[in-house]
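Read top to bottom, the protein sequences are chains A, B, C and D. Read in order, the letters of the first sequence correspond to residues 1 to 155 in full-length UniProt numbering. Read in order, the letters of the second sequence correspond to residues 1 to 155 in full-length UniProt numbering. Read in order, the letters of the third sequence correspond to residues 1 to 155 in full-length UniProt numbering. Read in order, the letters of the fourth sequence correspond to residues 1 to 155 in full-length UniProt numbering.
Keep in mind the hints are simulated off the structure, nothing from the lab. Keep in mind that a hint or two might mislead.
Remember, identical chains collapse to one label, so a pair may be satisfied in a single copy or spanning two.
[To be verified] DMTMM-like cross-link-like pairs, simulated, lysine to aspartate or glutamate; straight-line CA separation at most 25 Å:
(1) K103 x E81
(2) K133 x E63
(3) K133 x E31
(4) K103 x E31
(5) K133 x D153
In this text the structure is predicted, and so the values were computed from the model without any measurement.
4 protein chains.
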Amino acid sequence: MPQPAHPAAVNGLTLAQAETIADAALAKGRELGLLPLCVVVLDAGGHVKVTKREDGASLLRPEIATGKAYGALAMGFGTRELARRAQSMPGFTNALSDLTGGKAVPAQGGVLVRDAAHNLLGAVGISGDVSAKDEEACIAGIEAAGLAPDTGDPA
Amino acid sequence: MPQPAHPAAVNGLTLAQAETIADAALAKGRELGLLPLCVVVLDAGGHVKVTKREDGASLLRPEIATGKAYGALAMGFGTRELARRAQSMPGFTNALSDLTGGKAVPAQGGVLVRDAAHNLLGAVGISGDVSAKDEEACIAGIEAAGLAPDTGDPA
Amino acid sequence: MPQPAHPAAVNGLTLAQAETIADAALAKGRELGLLPLCVVVLDAGGHVKVTKREDGASLLRPEIATGKAYGALAMGFGTRELARRAQSMPGFTNALSDLTGGKAVPAQGGVLVRDAAHNLLGAVGISGDVSAKDEEACIAGIEAAGLAPDTGDPA
Amino acid sequence: MPQPAHPAAVNGLTLAQAETIADAALAKGRELGLLPLCVVVLDAGGHVKVTKREDGASLLRPEIATGKAYGALAMGFGTRELARRAQSMPGFTNALSDLTGGKAVPAQGGVLVRDAAHNLLGAVGISGDVSAKDEEACIAGIEAAGLAPDTGDPA
Chain A
1 MPQPAHPAAV NGLTLAQAET IADAALAKGR ELGLLPLCVV VLDAGGHVKV
51 TKREDGASLL RPEIATGKAY GALAMGFGTR ELARRAQSMP GFTNALSDLT
101 GGKAVPAQGG VLVRDAAHNL LGAVGISGDV SAKDEEACIA GIEAAGLAPD
151 TGDPA
Chain B
1 MPQPAHPAAV NGLTLAQAET IADAALAKGR ELGLLPLCVV VLDAGGHVKV
51 TKREDGASLL RPEIATGKAY GALAMGFGTR ELARRAQSMP GFTNALSDLT
101 GGKAVPAQGG VLVRDAAHNL LGAVGISGDV SAKDEEACIA GIEAAGLAPD
151 TGDPA
Chain C
1 MPQPAHPAAV NGLTLAQAET IADAALAKGR ELGLLPLCVV VLDAGGHVKV
51 TKREDGASLL RPEIATGKAY GALAMGFGTR ELARRAQSMP GFTNALSDLT
101 GGKAVPAQGG VLVRDAAHNL LGAVGISGDV SAKDEEACIA GIEAAGLAPD
151 TGDPA
Chain D
1 MPQPAHPAAV NGLTLAQAET IADAALAKGR ELGLLPLCVV VLDAGGHVKV
51 TKREDGASLL RPEIATGKAY GALAMGFGTR ELARRAQSMP GFTNALSDLT
101 GGKAVPAQGG VLVRDAAHNL LGAVGISGDV SAKDEEACIA GIEAAGLAPD
151 TGDPA
């Protein structure tokens, strides 16, 4: 597809990168026989580049997947860590949820996307199966684009 | 009643099916001597087909019943499971409540409606008595329409 | 159907009356060949007794019909008058909409329900066809229950 | 990509159809030299199947495109008609905006998707260029999937 003539203000991930991530994440879900998934890819400003919801994924999956990716960007670490804080500091994660109007979901499956120089390019969120499987599909998508996943654990 | 001449885009349950479910659910409530109930039937997209609130049911019962049915559709399983997650994963169910503006209620008594081929047609929510009794009336309504209830437990 | 043993706190319309109104309103819509309708009947406190959405009615029709009935109860006159005020006093109806979080819809088709002694029992809202036709179906429903419609015009 | 083993409750458009629509709509935008676009495809229940935001499209384009598609589904006609009503009945469209929490956007470029039998399958919304151009890209996408666009004008 020819590119727009207008100079593109790209804030992190391009649409082409986001498509690669989303398609590879869903392919991993099918390979693993996961429940139907929804994958959302946000740019570095927290705005949607790509959403894809598989047939059979329940109706709130786009919002949950978006909330995982947004939660990761909001705090600057993957939601594996945010889910831990929801256990150890529920008052804080409840406040975070209220502060964002419910847009930050503290469940595993929201993964930051970085380049080789550790620059932040965006985040991926997946919802549909159990949280650990959702995260596994995120990681597969990010790696398929030649980028580095940041789940919230120390590297 | 004659049907509209306009081609009807039915998104899961028909109005006739939803009426059958609601009436049979309320009849079960009377048979069991339950407190006054409100029953809500949603289509597969989460939009109301039928609401009926019995005389004496308190004023928020329609919203609670709707929230149970919507919670089931939002997540893709009956609220018996969502109620369990509210116990084991309170951070997530709090976030879910915030994310939906309070529209997903994690209490037993929200039951998915499926056909013989396991296709999702909608959901039923009931509020008025204790949650287990509310669910019992949901199930009776769904079965009266020749459809299959999905409470959130493994089949 | 046997009635609940509990003393019923009925605030205006009973469920039986609301069912009669809703069914007769939809029958009028079919008789006139109207587009698929949604009918909502609220009690005197503004809380739902009955909602029925015909097959093919678009997805926001329950909220619009509820908003017409609620707008009538909120102001104490039928929405024929509220629609006139939306033309003559848009600042006020916009403020009313904001004040109610969007729950008061200033369009014809929200009709108060009164008894022979002019007591207020509730309101009916219909959405689906043009507003004047929606109102016509409301009136037919209310009259079928032996009650008096109040559209917002002087009697 | 292999399909999930789980029975898929598809509520109108499949993911494959939604991808075809979105890709063809963006290709039309490039062919016409339009400004960077965001395209959103919703299923019949108003829930996202696909979102794609081109590089350079500004940050609220996903919400605007979603609001056009949702507005069309909410009312049951394309937003070409809803935009006309925003001119002739501003009180009603303001109320509709409030009622939906801002989720129904009355601007051209929200187009219903129907099959050959006129069944409603979902809606497409595009934002990025002027509204008439946005709509042109919607139509191209829908036709590329072998489906029928409904812009809100009489057929």
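Hint check results:
Within a single copy, K103 and E81 get their C-alpha atoms as close as 17 Å, and across copies as close as 23 Å, so both meet the 25 Å cut-off. Taking CA atoms no more than 25 Å apart as the test, K133 paired with E63 passes inside one copy only; the shortest distance there is 18 Å, against 29 Å between copies. Taking the shortest alpha-carbon separations for K133 and E31, only the intra-copy value of 12 Å comes in at or below 25 Å, while the best inter-copy value is 40 Å. For the homomeric pair K103 and E31, neither the shortest alpha-carbon distance inside one copy (30 Å) nor that between copies (34 Å) is at most 25 Å.
In this assembly of identical chains, K133 and D153 lie within 25 Å of each other by CA distance both inside one copy and across copies; the values are 16 Å within and 21 Å between.
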